[in-house]
Amino acid sequence: MSWLSNALTSSIGRKIIMAVTGLFLCSFLVVHLVGNLQLFKNDGGAAFNIYSHFMGTNPIIRTLEFGLLFGFGFHIYEAFVLTGKNRKARGSQGYVANHIEQNSPWQSRNMGLLGTIILVFLLVHLYNFFYRARFGDLDPDINNNDDLYTLVVSSFHQWWYVLLYVLAQVALCYHLIHGFKSAFQSLGLTHRKYTPFVTYLGYAFSVLVCAGFAAMPLYFFFLQ
Amino acid sequence: MAGSNPNAKPMNLTLKVWRQKNRDAQGNIVDYQVRDISPDMSFLEMLDVLNEDLLRQGQEPVAFDHDCREGICGSCNLFINGRAHGPEPGTTTCQLHMRKFSDGDTITIEPWRAEAFPVNKDLSVDRSAFDRIIQAGGYVSVNTGGVPDANEIPIPKSIADQAFDAATCIGCGACVAACKNASAMLFVSAKVSQLALLPQGQVERKTRVENMIAQMDKEGFGACTNIGSCAAECPVGISLENIAILNREFLAAKATSNNLA
Amino acid sequence: MNLDAKIPEGPLAEKWDKHKFNVKLVNPANKRKYDVIVVGTGLAGASAAASLAELGYNVKAFSFHDSPRRAHSIAAQGGINAAKNYQNDGDSVHRLFYDTIKGGDYRAREANVYRLAQVSVNIIDQCVAQGVPFAREYGGLLANRSFGGAQVSRTFYARGQTGQQLLLGAYSALSRQIAYGKVKMYNRTEMLDLVIVDGQARGIITRNLITGEIQQHAAHAVVLATGGYGNVFYLSTNAKYSNATAAWRAHKKGALFANPCFTQIHPTCIPVSGDYQSKLTLMSESLRNDGRVWVPKTVEMAERLRRGEIHVSQIAEEDRDYFLERKYPAFGNLVPRDVASRNAKMMCDEGRGVGSSGLAVYLDFSEIIKRIGAEGVSQKYGNLFAMYEKITDEDPYKQPMRIYPAVHYTMGGLWVDYNLQTTVPGLYATGECNFSDHGANRLGASALMQGLADGYFVIPYTIGDYLAQTPPKPVTTEHPAFKEAEANVRTQIQKLMSINGTRTPDDFHKALGHIMWEKCGMARTAEGLKQAKAEIQQLRREFWSDLKVVGVNEELNQTLEKAARVADFIELGELMVDDAYNRNESCGGHFREEYQTPEGEALRDDENYAYVAAWEWRGDNQPEVLHKENLVFENVKLTQRSYK
Ligand SMILES: Cc1cc2nc3c(=O)[nH]c(=O)nc-3n(C[C@H](O)[C@H](O)[C@H](O)COP(=O)(O)OP(=O)(O)OC[C@H]3O[C@@H](n4cnc5c(N)ncnc54)[C@H](O)[C@@H]3O)c2cc1C
Ligand code: HEM
Ligand code: SF4
Ligand code: FES
Numbered sequence: 001m002s003w004l005s006n007a008l009t010s011s012i013g014r015k016i017i018m019a020v021t022g023l024f025l026c027s028f029l030v031v032h033l034v035g036n037l038q039l040f041k042n043d044g045g046a047a048f049n050i051y052s053h054f055m056g057t058n059p060i061i062r063t064l065e066f067g068l069l070f071g072f073g074f075h076i077y078e079a080f081v082l083t084g085k086n087r088k089a090r091g092s093q094g095y096v097a098n099h100i101e102q103n104s105p106w107q108s109r110n111m112g113l114l115g116t117i118i119l120v121f122l123l124v125h126l127y128n129f130f131y132r133a134r135f136g137d138l139d140p141d142i143n144n145n146d147d148l149y150t151l152v153v154s155s156f157h158q159w160w161y162v163l164l165y166v167l168a169q170v171a172l173c174y175h176l177i178h179g180f181k182s183a184f185q186s187l188g189l190t191h192r193k194y195t196p197f198v199t200y201l202g203y204a205f206s207v208l209v210c211a212g213f214a215a216m217p218l219y220f221f222f223l224q
Numbered sequence: 001m002a003g004s005n006p007n008a009k010p011m012n013l014t015l016k017v018w019r020q021k022n023r024d025a026q027g028n029i030v031d032y033q034v035r036d037i038s039p040d041m042s043f044l045e046m047l048d049v050l051n052e053d054l055l056r057q058g059q060e061p062v063a064f065d066h067d068c069r070e071g072i073c074g075s076c077n078l079f080i081n082g083r084a085h086g087p088e089p090g091t092t093t094c095q096l097h098m099r100k101f102s103d104g105d106t107i108t109i110e111p112w113r114a115e116a117f118p119v120n121k122d123l124s125v126d127r128s129a130f131d132r133i134i135q136a137g138g139y140v141s142v143n144t145g146g147v148p149d150a151n152e153i154p155i156p157k158s159i160a161d162q163a164f165d166a167a168t169c170i171g172c173g174a175c176v177a178a179c180k181n182a183s184a185m186l187f188v189s190a191k192v193s194q195l196a197l198l199p200q201g202q203v204e205r206k207t208r209v210e211n212m213i214a215q216m217d218k219e220g221f222g223a224c225t226n227i228g229s230c231a232a233e234c235p236v237g238i239s240l241e242n243i244a245i246l247n248r249e250f251l252a253a254k255a256t257s258n259n260l261a
Numbered sequence: 001m002n003l004d005a006k007i008p009e010g011p012l013a014e015k016w017d018k019h020k021f022n023v024k025l026v027n028p029a030n031k032r033k034y035d036v037i038v039v040g041t042g043l044a045g046a047s048a049a050a051s052l053a054e055l056g057y058n059v060k061a062f063s064f065h066d067s068p069r070r071a072h073s074i075a076a077q078g079g080i081n082a083a084k085n086y087q088n089d090g091d092s093v094h095r096l097f098y099d100t101i102k103g104g105d106y107r108a109r110e111a112n113v114y115r116l117a118q119v120s121v122n123i124i125d126q127c128v129a130q131g132v133p134f135a136r137e138y139g140g141l142l143a144n145r146s147f148g149g150a151q152v153s154r155t156f157y158a159r160g161q162t163g164q165q166l167l168l169g170a171y172s173a174l175s176r177q178i179a180y181g182k183v184k185m186y187n188r189t190e191m192l193d194l195v196i197v198d199g200q201a202r203g204i205i206t207r208n209l210i211t212g213e214i215q216q217h218a219a220h221a222v223v224l225a226t227g228g229y230g231n232v233f234y235l236s237t238n239a240k241y242s243n244a245t246a247a248w249r250a251h252k253k254g255a256l257f258a259n260p261c262f263t264q265i266h267p268t269c270i271p272v273s274g275d276y277q278s279k280l281t282l283m284s285e286s287l288r289n290d291g292r293v294w295v296p297k298t299v300e301m302a303e304r305l306r307r308g309e310i311h312v313s314q315i316a317e318e319d320r321d322y323f324l325e326r327k328y329p330a331f332g333n334l335v336p337r338d339v340a341s342r343n344a345k346m347m348c349d350e351g352r353g354v355g356s357s358g359l360a361v362y363l364d365f366s367e368i369i370k371r372i373g374a375e376g377v378s379q380k381y382g383n384l385f386a387m388y389e390k391i392t393d394e395d396p397y398k399q400p401m402r403i404y405p406a407v408h409y410t411m412g413g414l415w416v417d418y419n420l421q422t423t424v425p426g427l428y429a430t431g432e433c434n435f436s437d438h439g440a441n442r443l444g445a446s447a448l449m450q451g452l453a454d455g456y457f458v459i460p461y462t463i464g465d466y467l468a469q470t471p472p473k474p475v476t477t478e479h480p481a482f483k484e485a486e487a488n489v490r491t492q493i494q495k496l497m498s499i500n501g502t503r504t505p506d507d508f509h510k511a512l513g514h515i516m517w518e519k520c521g522m523a524r525t526a527e528g529l530k531q532a533k534a535e536i537q538q539l540r541r542e543f544w545s546d547l548k549v550v551g552v553n554e555e556l557n558q559t560l561e562k563a564a565r566v567a568d569f570i571e572l573g574e575l576m577v578d579d580a581y582n583r584n585e586s587c588g589g590h591f592r593e594e595y596q597t598p599e600g601e602a603l604r605d606d607e608n609y610a611y612v613a614a615w616e617w618r619g620d621n622q623p624e625v626l627h628k629e630n631l632v633f634e635n636v637k638l639t640q641r642s643y644k
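Chains as they are written, first to last, in the numbering used here: chain V, 1 to 224; chain Z, 1 to 261; chain P, 1 to 644.
The following block holds chain V by itself, in its conformation from the complex (with noise of 0.2 Å):
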């Protein structure tokens, strides 16, 4: 099996990591979504915890929960290897005048820097919600399922929380407006006919989850 491993490990099969991991983490963010979207059900709270409960404890969901977990770790780990690849090819010695803002966009230059605020983000979510929700002492709510949307919204009337939350937001947004085209380059699934329909659906698509993430806490800490 050297051959796929000598592959996966070639600067294009890295990319093909990149890529596949990313759009995987692509197809989470819309499941994620839509679940949490039961949030503003005005119900108390009642369907959202019916999801979390139903997320927490179905072994389907569960076994999926580490191919997602892999999905981060693949795609984190190869992040990480790329760029320092990448800084090391650019050598030591840097230009003393140089203008690439005039010959690509910022976001495109900044995945890592993008990356690494969405990966903040995730550690502190993941111990605020996850952690609290799976190994955490929550109280039960009126259908005796764990009541995670009280903390959902007690956290949500934090302000740093907040903050933190649409932020991570943003640069997810940014990362996605290049990331989701940039992955179908990697994959080289490009076609004259389809490629630009892909660019706008990109665009579409990280602006629109990205939204839809950070309307929660912005609709929490102002409207509730």
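Hints are computed from structural coordinates only; laboratory data are not their basis.
The beta carbon of each residue, even a glycine, is placed where N, CA and C say it ideally should be.
Each hint should be verified, as a subset may be incorrect.
Said to hold, decoys possible - Here are the simulated BS3-like pairs of lysine-lysine, each with C-alpha atoms no more than 30 Å apart in a straight line:
(1) P:K31 / P:K15
(2) Z:K157 / P:K637
(3) Z:K9 / P:K398
(4) V:K88 / Z:K206
(5) Z:K100 / P:K15
(6) P:K15 / P:K327
To be verified - Among the chain Z residues that face chain P by a calculated CB cut under 7 Å, a handful are:
(7) Q95
(8) N143
(9) I155
(10) P156
With chain V's structure known, arrange chains Z and P with the ligands on it following the hints.
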């Protein structure tokens, strides 16, 4: 003087030029003044003026690569005011003209930077890594003689045109120089997609892309993150589509070739 | 010295086949016992190096460029001829042969030219097999265009970048052999001398341009494919680094130099814009397919144009003189280069030139733009139009191009026999470096053809003949001739570095170019040539007493490189003047004002000058000795060339 713009006034400029004695020496930026530069001069003719001045004063002229001065040989390679081949899109350094600058400007001139392109001296760099990538597979293995009549291989015009577009790469290295990752993917993709598109390239289609990418990695170029600086700075307009083709070719080759290494 | 061209016996059409049968072969197992040095990896050199390596010889290839892909061949724009007759318009090997002989004004060797026409068809097959993306028709078959001096369409092309695509093809074949280890490639390495052992070429002395290291290389045979010497004129369409050093130093070691004064002035180049000008840019001859050449009918109008009082668009159709169409109705704008250039010069001499210097004529595309639209024109010539606009800041879609003749190609070169061997046994010359196929004027799209014919299809046979007669013993650099040659090279470098005068190499080069262009350029006179010789000799003395070179030998030192090349250009320039002075006739690119017809056409003297002038070096400050190879024409009738 039969210049195309008789009213244009000569310019005085300040140049900030990278000077470095040899590959191992430390380099630094040195300031020079040049006077009475005609706007009709090419950028390299402006450097000729500087070099003649330096030589007359007994100083060493600035070393830089150039040859055809027509934008085709790919020798010239200056990083001018923070841009590969300067500010003009679709233009090699030798085809850049001084009318794009103004009197009193300060111009910073540096060599291509990349781990895989060590500096020989001043502004001249070693791009032999590109040759080694081509040697790894950038050809169709036919010996001289014994080939079929040229018209026995009909090629649809649209395919021939697309292959031609890829084939126009001049091997200048601006793509590497401009890329945040010092990636050579645009250069490699131009050759791979030219030969992948043409019927002549089919026989070695898989081994070619596998070997060229292996060599590219070995030379220490970075990995593409689809930033697009390369295509934006490429003087002959090699498009990013070629990189997608390269990725596709690589993926297909790795998945289906008989190569177990 | 007896100049034996070794032309095979028999009818013209059978000579090459017969010869290929008669040459001695090296058996396959023995081939790897022979080392061949190829200097130059342009079209001629790369194709030779790759083909010889494929056969099994060990090849060492040298180029002063940083990669073989940068050789000057890359800049060829218009196309490559081949007698394929794909267009069904009456082309044939014989017609290509005839056109080339006639285009060369009957100063080329019949047998060589016929062979060139024969193998031309194989070149196209070979290049297509390599993946060279020639232009195609919608049906998928190859497209052709027409070029000057021919009435058939036989030119294959790849947009305006034919040379690039052909060179990249040859470069890819060469790269493959480098990867196999059959070719050892020495980039940024300049040949500075030829080594002769017991009368045979056995090696070269080189300088590594990055480290300054001087090296000796030995081989059983040496091939020079080092290009032309048009840069003697300082301003030319050649790449800046193109030079004569390899050929000239071989000449000084005994190789005769043939027809040095035959230089081609290309009619369609962008005019000089100022004294800072470092090179001239060609606008491909293919533009004359659709562009119409004209000047104003009257001197008054031309003067007003030059002063900027009127704009070219204000000149009415009936006030324009389409002088080529008027004088040469049969060929019109597609007359051969020498004729087109001379006529442009005549117009300017009459005072009807345009542009502020008055040294330009118009090349007008308004008619074709009207016919097929700007889009269609851009399809055909887009890159040339863009280049023109970049350089001149004028839009050729809106106003005619201004063009003027410029030095472009050198038909002269090292004398070679039918086998492409020089007068030094074991030393071969191919491509623009030799004199072989173009007589006194080269037709467009024929240099690429010749370079590749020599490299792919001629030298692999003929060098085998020589090697088969050389014992397959290893050659080394032991012989004292190597040491001696190296010492000479070092002495010369030392000398150049130690003069410490006041003038730069470019300064001398420009001065030389000025003399050559004024007195040995488009029109020459005995009087002018005499003056030129004296001026060049004076310049040479100044060069060796007032040159300034700084830096050291042990580093990249572009001034030192240039100085050594200019030293050779000065000597070669003098020989060109001698040759032009000797040739009391006008033919092709060599126009002596004393010898012209009443209409101002070149007047040949076949009785006295139907020969190749091959010059022998006799030492510093000794006059060179002329040897004549008489040209025998058995298959074409010598006539006054007419394109009317
Ligand atoms: C602008 C332009 C356009 C042209 N267009 C056409 C066209 O459309 N059709 C056509 O048929 N012809 C055309 N020509 C002519 C044609 O391009 C050349 O004649 C031809 O390419 C010469 O090829 P070559 O291999 O002989 O030499 P070159 O390509 O000049 O190669 C010379 C090689 O020798 C090497 N070299 C030289 N000296 C040394 C040394 N001392 N040591 C080591 N290496 C050395 C160089 O590095 C280089 O590799 C054009 C020429 C010009 C200038
Ligand atoms: C929900 C979270 C995330 C999603 C949906 C996501 C999605 C993507 C996508 C689609 C790409 C494009 C892949 C390609 O160009 O082929 C990408 C690239 C990238 N991601 Fe993420 N990502 C996420 C989180 C992260 C994190 C946490 C990091 C880093 C710590 C990160 C770092 C990067 C980097 C550096 C790249 C660019 C690398 C390259 O193009 O080669 N990402 N991401
Ligand atoms: S792809 Fe463009 S920028 Fe890169 S080497 Fe080729 S021509 Fe130069
Ligand atoms: S000098 Fe040849 S491309 Fe610029």
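Hints versus structure:
As the CA atoms of P:K31 and P:K15 are separated by approximately 26 Å, the hinted pair is consistent with the 30 Å bound. For the hint pairing Z:K157 with P:K637, the CA-to-CA distance comes to about 42 Å; that exceeds 30 Å, so the pair is violated. A distance of roughly 25 Å separates the Cα atoms of Z:K9 and P:K398; the hinted pair therefore holds under the 30 Å criterion. With a C-alpha separation of about 29 Å, the suggested pair V:K88 and Z:K206 falls inside the 30 Å cut-off, and the hint holds.
Annotation: proposed proximity of Z:K100 to P:K15 is violated, straight-line Cα distance about 58 Å (limit 30 Å). Of the pairs offered as hints, the one joining P:K15 and P:K327 is violated, with about 39 Å between alpha carbons and a cut-off of 30 Å exceeded. Taking 7 Å as the C-beta cut-off, the interface hint given for Z:Q95 holds, the closest approach to chain P being about 5 Å. The interface hint given for Z:N143 holds, since its Cβ lies 5 Å from the closest Cβ of chain P, which is under the 7 Å cut-off.
Annotation: Z:I155 was flagged as interfacial toward chain P, and the flag holds, the nearest CB pair being 5 Å apart, inside 7 Å. Taking 7 Å as the C-beta cut-off, the interface hint given for Z:P156 holds, the closest approach to chain P being about 5 Å.
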